[in-house]
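Same order as they appear, the protein sequences are chains P and F. Count along the first sequence from 1, add 113, and you get the number used in the working numbering. Count along the second sequence from 1, add 113, and you get the number used in the working numbering.
By construction, these hints were calculated from the structure, which means they are not laboratory data. Among the hints, erroneous ones may be present.
Which copy is meant is left open, because identical chains are indistinguishable; a pair holds if it fits in one copy or across any two.
What the hints assert, rightly or not - Think about it this way: if two alpha-carbon atoms lie no more than 20 Å apart in a straight line, the pair counts; the simulated EDC-like pairs of lysine to aspartate or glutamate are:
hint : residue 1 : residue 2
1    : 241       : 201
2    : 241       : 200
3    : 236       : 150
4    : 241       : 225
5    : 232       : 193
6    : 241       : 228
7    : 208       : 228
There are 2 protein chains.
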Amino acid sequence: MTLSMYEASAPCFVSMLRSLDSILGKAQAHAAAKKIEPSVLLTARLFPDMFTFVRQVQIASDHAKGAVGRLAGVELPKYEDNEQTFEEVRARVAKTIAFIESVKAGQINGSEDREITLKVGGKDMTFKGLPYLVSFALPNFYFHLVTAYNILRHNGVEIGKRDYLAMPGNKT
Amino acid sequence: MTLSMYEASAPCFVSMLRSLDSILGKAQAHAAAKKIEPSVLLTARLFPDMFTFVRQVQIASDHAKGAVGRLAGVELPKYEDNEQTFEEVRARVAKTIAFIESVKAGQINGSEDREITLKVGGKDMTFKGLPYLVSFALPNFYFHLVTAYNILRHNGVEIGKRDYLAMPGNKT
């Protein structure tokens with residue numbers, strides 16, 4: 114097996130998004146069992162000027178689909194960012210996974226030097242494919258994914274690293 | 114430029130660890146300015162059964178040095194995990210960076226199929242180099258790095274995504 118732009122991107126995003134879906138399922142069950150209004154968890158933040166849980170998931174989804182679509186040179190699906198329930202958030206994760214899985218390895222491989230331009234903080238930024246993936250898309254994806262996890266964990270949802278990583282792991 | 118095991122590991126860890134050092138500097142300055150006992154931040158957690166800030170940094174450091182050392186097939190430096198001050202935590206980050214920078218690209222490249230065995234949750238787990246890096250070491254590293262960031266952010270330290278990513282970015 115050789116490391117390729119595909120191996121370093123699509124399957125990793127899909128695996129982590131599947132974990133996120135399982136974590137969302139646990140949060141949904143926790144809210145039902147504890148009679149917590151789901152919107153309390155969905156709009157929770159770790160600090161007043163941080164994004165809500167739902168926004169963290171939306172941005173993680175955007176970085177995953179953005180990376181795969183841009184590296185492959187295909188049009189990115191547009192999502193409305195209007196999710197308000199666990200069902201809608203899980204549907205967002207599911208369609209992100211479906212989009213990533215629609216892209217084939219051959220479309221992504223060889224994209225190391227592909228020129229990629231995107232808006233960051235309102236300004237156009239141009240990257241080559243390789244630094245875009247390893248120094249921008251992956252750190253951003255993990256940033257919002259882990260922050261989403263931490264918001265739930267901080268609110269008492271019983272999840273642990275084995276939900277995040279889907280393999281035997283230590284507690285957080 | 115071609116994606117290689119080196120490009121996907123060592124420079125990414127170093128870049129994120131440099132950001133972590135800068136975040137640690139801001140936390141240290143924040144504690145001094147607000148007359149907060151540094152140990153309050155260093156031992157903070159997001160939930161009672163989660164690890165403290167210092168432990169999150171130690172584990173992020175371990176995953177970074179572990180990945181680079183194991184992929185290169187060199188002996189891992191042992192750290193005592195006894196950091197108790199900002200100075201000591203920053204020294205831990207600095208020696209992790211120095212170790213990673215002591216490893217050359219040629220030692221890591223070609224390690225896709227290298228067999229790597231490590232203890233996970235008390236049990237031996239064996240990986241090939243490629244899945245070890247992209248499906249274990251990187252997600253674990255980011256998990257503890259972002260959780261460390263979130264602990265500080267939750268405690269009011271004025272940091273943002275541009276500190277984490279060291280490039281223009283949006284707020285968290």
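Results for each hint:
In this assembly of identical chains, the alpha carbons of residue 241 and residue 201 never lie at most 20 Å apart, being 34 Å within a copy and 37 Å across copies at closest. Taking identical chains as interchangeable, the C-alpha atoms of residue 241 and residue 200 are never at most 20 Å apart, the minima being 36 Å within one chain and 37 Å between chains. In this assembly of identical chains, residue 236 and residue 150 lie within 20 Å of each other by CA distance neither inside one copy nor across copies; the values are 38 Å within and 39 Å between. Proximity of residue 241 to residue 225 under the C-alpha cut-off of 20 Å is restricted to the intra-copy arrangement: shortest distance 7 Å within a copy versus 23 Å between copies.
Taking the shortest alpha-carbon separations for residue 232 and residue 193, only the intra-copy value of 18 Å comes in at or below 20 Å, while the best inter-copy value is 43 Å. Taking identical chains as interchangeable, the C-alpha atoms of residue 241 and residue 228 lie at most 20 Å apart only when both belong to the same chain, with a minimum of 5 Å there against 31 Å between chains. Taking the closest pair of Cα atoms, residue 208 and residue 228 never come within 20 Å of each other, the shortest separation being 26 Å inside a single copy and 35 Å across copies.
This entry does not satisfy hints 1, 2, 3 and 7, going by the numbered hints stated previously.
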